[in-house]
Amino acid sequence: MFQTVADRLHDHLWNTLLKKIITCALAALLAVGAYVLVSRITEQADDCAQGVSKSGGECIGVNGSGYDFGVPGIAPVAERIAEENRRIDKRPHVTVAMMLPLQPESRAERRQLRSELQGAFLAQYIANREPGKPVVRLVLANPGKDYLRQDEVVPDLVRMAHSKSDNLRAVTGFNLSLDATKEAVRSLTEQQVPVLVARASASSLANRESKDGTYDFKGLARIIPTNEQQARALAAFNGSRKDRQTVLLRDTRPDPYVRSLASAFQGLPEDGPAGPDDMTFTSPGVADPGDVDNQFRPTVNTICNSGADTVYFAGRSTHLRLFLKRLAKEACTERKFTVVSGSDAASLNNRMTDEDWAGLRDSSGKPRLTVQYAAPAHPDAWDAKVRAWQEDRKKETGKTPPASRAPASLRDPQAALEELKDTIAALESAGRDIGDVELGDSRTMMVHDGVRTAVEAIRGAKPTGEAAPTAEQVGNRWATMQSKNRVNGTSGRICLTKAGNPYAKPLAVVTLRPGTEAGPGTLAFVDLAWPSGKPQPEDCVVRSG
Amino acid sequence: MYSEAMLQYAPCDIDHPPHSGHVRHGGARMSRELGFEGLIEDEGFFPGLFGRNARGRDEKLLYGPDLPVVLLTGGPGMGKQRLLELLRDRFGRRVPVAYADCADPRYAAEAGRRPACRSEATETMYDVALRMSEWEGPGGALPTPRFFAGMAAVAAGARLRRRELEQELERYRTLLRPRRALGRFMRNLLTGYLSALAGVVAPAAAPLVGAGLTEFLEKLASTGAEPVRATYGDYPGAAGSAGTGLRLLAHDFQEGGEERRFAEGFLFRALREDLDAAYTGLGAALNRVGRPAVLLQHANWPVGRGLLAAALADRADGHRERTVLVASERVGEPLFLADEPRTEERAYYRPDQEEPPDWQRLPARGRLGQGVLMLRMPLLTTEHIHKELQQHTGGAPEAARLRRAQSAVHRLSGRRPRMVQRLVEAAGELPELDNDRELLDQPAGLDGAPLAVRDVLLAELVLRQLPERLPAEHTGRWLDLLTQLSVAHTGDCARALLRSPELERLAGGLTADEVGRYLHESGWPACERHFIGDFGLRQLLMSRLHGPPEAGTEWRRNHSLLHTHYRSRAEAPDRAFGTTAAHGLNHDLVANGPERAVHHLAARFPADGVGAEEWCDQLLALAQAPSPGGHDERHARMTVARVEGTRLERQLDELLHAVWLCEERTRPPDIAAADRMAQLLQELAREYAGAAPVLTARAGRWDRRARNRQPLQSCSCTSHIGEGS
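Chains as they are written, first to last, in the numbering used here: chain C, 1 to 545; chain G, 546 to 1270.
Hints were generated in silico from the structure; no laboratory data involved.
Everything numeric in this text was worked out from a predicted model, so none of it was measured.
All residues carry an ideal CB built from backbone N, CA and C; glycine is no exception.
Treat the hints with caution; some may be incorrect.
[To be verified] Just the calculated beta-carbon pair ranges, DEER-fashion:
#1 G/Pro847 <-> C/Ala6: 38 to 48 Å
#2 C/Ala6 <-> G/Glu679: 21 to 31 Å
#3 G/Gly609 <-> C/Ile41: 42 to 52 Å
#4 C/Arg8 <-> G/Gly990: 46 to 56 Å
#5 G/Gln935 <-> C/Cys24: 39 to 49 Å
[Said to hold, decoys possible] Below are the EDC-like pairs computed for lysine to aspartate or glutamate, each with C-alpha atoms no more than 20 Å apart in a straight line:
#6 C/Lys19 <-> G/Asp603
#7 C/Lys145 <-> C/Asp156
#8 C/Lys20 <-> G/Asp603
#9 G/Lys605 <-> C/Asp11
#10 C/Lys19 <-> G/Glu604
#11 C/Lys366 <-> C/Asp356
#12 C/Lys19 <-> G/Glu890
#13 G/Lys605 <-> C/Asp7
#14 C/Lys20 <-> G/Glu681
#15 C/Lys20 <-> G/Glu1159
[Stated by the list, open to error] Far from chain G, some chain C residues (derived; all Cβ distances over 10 Å):
#16 Leu17
#17 Ala27
#18 Glu438
#19 Gly515
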């Protein structure tokens, strides 16, 4: 009898109950296998890496296994982080997340990103080799460009905070003061995930000091002074200026950093008659030049004609660069300008090309202008200040005291910075590449200090006998970090107020000016400055008022 | 007349051994499934019963877990064997199917080799067990350890020598050959038997008797698996002891007679329990498919009857079995069930008319019939005949001849499948037909030799399917006797013929009543007006009796004999013809012509209307006579009377021939004859006012019936005619 393929299949696969059971089991197995395979394939199509999936053309999510988010510059440091994570995987650990846009478009931003991740890794590396427990696992969380997709990442982070295996206890990073950043911080803190802002300086990302203990963001801490504090520190450093000498130029784009900077500059005490009115421009985005250069043309003319020699620039470094170029190019050559700006100006050096710098020199090679800003940190600050102290002492006593006798407020950060530098050197000599480290832009130091602060808070909050503290315990820990519980950061001693703000944190006043030779500009440390005008107390105890 | 050489007695198709898978349809090209569509196709009766269709797919189980014994009932040529063989061939690869022909002479031969421990019944069962052990489909061979133990006990009790006993046991060893774990166990079991045997049969030459036999049987019972012990512990008188049960079984077998039959029945139960057991348990649920089936062909033969009765008795005793048992039975109401008192109707299934009934065991206990489902073999439909004919003639363009042939086949065959097949074969050349009987002279092939289809069919339906109880000395005259009796109407006719000096020798002492009983037992239907109750068979026999048109000596002689028989009797009521006179004249009409009949009708014509109904019935009775053969003059004589006599006699001559034509069942309906009949009756009604009401009424009724292709006088053997011919 003619037997069809269907008959043969039936005979072999379906003829008896046993065959039916085996066939069903195999089919189920096959289906599961196919499902897994297909989901893997689609995952691979939709997903960039483990925990990171495509969303709106970006790779959004959380990853700690070495994924470089398609940015080759951060691949080495991402790999080192993954290595370190693997190394401590079997030990009791907590997780600290670095939340910041991980796929920047411009070269300058990519360099900044690398610096920030280097700082995070170095802090993890150092912390995991100290006696304290628990050890730290570091993950990278990409909230997308301008933090616009933070709502896709926050749930993952909250889940990790609840997960026994992840033990996420702090989220740090936050390098841009944007509304979306604020949303992310709010969302995280509302879900009891402690947040530490390391780089964003807008005052909207800070708790106001409050006497009754209620705060906008419960569990938020920050280690960088706000824009107002920076502006006040700059003002305190420069002393009062005559109004006619200054002019304020601000970006009208809604950007908390810009807003708070402008408001700080506007709030500076000024003497004398009124100078030119505030001037404005409107930029399309943080890193987007748009037609801002055109807008600067009439502005620069006005400034030249006004007789002002100091420009308070309330804007991002992208636009500051254009402004400087325009200012140097226009005709008021007889005057030397000082442009004062906020901490974002620390990124200027990354944005300026050699050609840009050349444009800022006059025909004799002398700089036409100086950019001054309050950097959150500068690698030369502590050595310079210790030397200055030695010189001061020598002037007073005629003898140069040893550096080890310098005040602890200088020596502690100096030691921390030394350790950081030693670690960088050790890694380099061990061939463990993390990319070129440039401490000058302060990002490596600040992020390092942020992660260190988070780690210290976690370790300090850990109850005896427990492997790790709860997230809430970490959130509550911020308020107690002062005096002996302070953190000796590379950017200075970090003492936190009850609201989680840095207390009397010193800022490095730096000048950026074109060098005399071709090449990048020179960033020079000028001095330390404090928001209140007074140095941080030696005991680092937060004083009322 | 037929050729003696060609029609030799050949009991039960011995030329085709069973299990050969050979298709036994001579040279015919009829499809094997013809008429069985509803039975074997997917979702049909047998796929449901087997739990599998012919393609091996699952089918929704019909009935169960308690199953009826399916009896295929139908006379010769109804396709019982074809169906059983088809089931074996179609489903045998899908579910374990064992086919056994209970009339197979090989069983008797094998039993004869060692009659002390074998019988035809045990050989039949052994064949079934062997088939089951050869099953290679899902689940593998079905072992029959219970049956083996029983046969071993029978052999041990037969006082055989050691070597003979060992040979006998070795013979059944194949029944225990499954390959899996159970197989190993069974082999060990067998080794146990044999070593036990070796221990108890010393000295080697001595037969196994007395204490030795007891010990062997105890060993057999104790080394056997639990089910074996349970089965034989149930043997009547065993009181739960399997050893005793086996000894009683062996004893009963040796006793012969009823005891042996009982022992055989018990062995059949053991065999069915084996099959049930093979389908029980987790392993079976996982590996086995469908239901095992035992097909018993010729179950009406003594061996089959014994097995069938045993199986039915077990069911009557409350045994529930999951083994399908299908048996063939010629008689619609099997004799062994016929006289059984019953309170409810037995289950019947007519596959050509209805869906399978919702069978369930009748509540009455102890009745054989409660476990039976009688499946009446389906007749073919007109459509089947049409298709077959078209296929056989290659779609010949002669539409009229095709229709004529089709109607002839329909009438003669009564839609009996084998007859249809042969007649279609004979009608292949589309011969010019006046009377259907002419078709019977057309050739068909029997075992490769061309022969008149009449002889082919008689060989197949009569000679090769002799009544099982017909004494051997009568087998040679059986067909000849039936041929002579084909003209008989009633038992009285038949008796008269066989008592006549001309036929007395041929009868050889066989009486008409015996012939009638054998005919009935052969499965041929009865008819109230014809001794040979089947229309088709009667035509075959008449044709054989008459011979060629120019012949017909014996035909006329027999009619003459019967005419003489009835003429010599005083006029008395007659069951078939109203009066003996009419009966006698009916035969006279065939033998000597219509003159006497016409005069008789004229003499009794109810001019005044008295007795008009009876007169009309007599006219009809006379017109039942078969066509006398030779040139048919009736058409001419219904318009121009040939009888010399009065106007009435001439009118009645014409009327008789018209009615005779209308009642002719071997011709297509004759509308001209119907018209003429009505016309003549109306004429008589006009002329004889007294008889007018009855004649007018009859004219109307007969005309209507004739036009509707219905016989004027209905008869059970011709009821199929008019259904579409």
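Verification of the hints:
Taken as a hint, the range 38 to 48 Å holds for the pair proline 847 of chain G and alanine 6 of chain C, whose Cβ atoms sit roughly 46 Å apart. A C-beta distance of roughly 27 Å is found between alanine 6 of chain C and glutamate 679 of chain G, which places it inside the suggested range of 21 to 31 Å. Distance hint check for glycine 609 of chain G and isoleucine 41 of chain C: the Cβ-Cβ separation is about 49 Å, which falls inside the suggested range of 42 to 52 Å. For arginine 8 of chain C and glycine 990 of chain G, the hinted distance range of 46 to 56 Å is not satisfied, since their beta carbons lie about 38 Å from each other.
For the pair glutamine 935 of chain G and cysteine 24 of chain C, the beta carbons lie near 48 Å from each other, so the given range of 39 to 49 Å is met. Our distance criterion of 20 Å between C-alpha atoms is met by lysine 19 of chain C and aspartate 603 of chain G, whose separation comes to about 13 Å. As the CA atoms of lysine 145 of chain C and aspartate 156 of chain C are separated by approximately 18 Å, the hinted pair is consistent with the 20 Å bound. Straight-line distance between C-alpha atoms of lysine 20 of chain C and aspartate 603 of chain G comes to about 12 Å, which keeps the hinted pair within the 20 Å bound.
Annotation: proposed proximity of lysine 605 of chain G to aspartate 11 of chain C holds, straight-line Cα distance about 18 Å (limit 20 Å). Simply put, lysine 19 of chain C and glutamate 604 of chain G have alpha-carbon atoms about 17 Å apart, close enough for the 20 Å limit, and the pair holds. Only pairs whose Cα atoms come within 20 Å are accepted, and lysine 366 of chain C paired with aspartate 356 of chain C is accepted, the gap being roughly 14 Å. At most 20 Å may separate the alpha-carbon atoms for a hinted pair to count; lysine 19 of chain C and glutamate 890 of chain G exceed this at roughly 43 Å.
The hinted pair formed by lysine 605 of chain G and aspartate 7 of chain C meets the criterion: a straight-line CA distance of about 18 Å does not exceed 20 Å. At roughly 19 Å between alpha-carbon atoms, lysine 20 of chain C and glutamate 681 of chain G fall within 20 Å of each other, so this suggested pair holds. With a C-alpha separation of about 74 Å, the suggested pairing of lysine 20 of chain C with glutamate 1159 of chain G is violated against the 20 Å cut-off. Taking the minimum C-beta to C-beta distance to chain G, about 5 Å, the non-interface status of leucine 17 of chain C is violated against the 10 Å cut.
The Cβ of alanine 27 of chain C lies farther than 10 Å from every Cβ of chain G, with a closest approach of about 17 Å, so its non-interface assignment holds. Even its closest Cβ contact with chain G, about 73 Å, leaves glutamate 438 of chain C beyond 10 Å, as expected for a residue assigned away from the interface. The Cβ of glycine 515 of chain C sits about 88 Å from the closest Cβ of chain G, beyond the 10 Å cut-off, so the non-interface label holds.
The structure is inconsistent with the numbered hints 4, 12, 15 and 16, although it conforms to all the rest.
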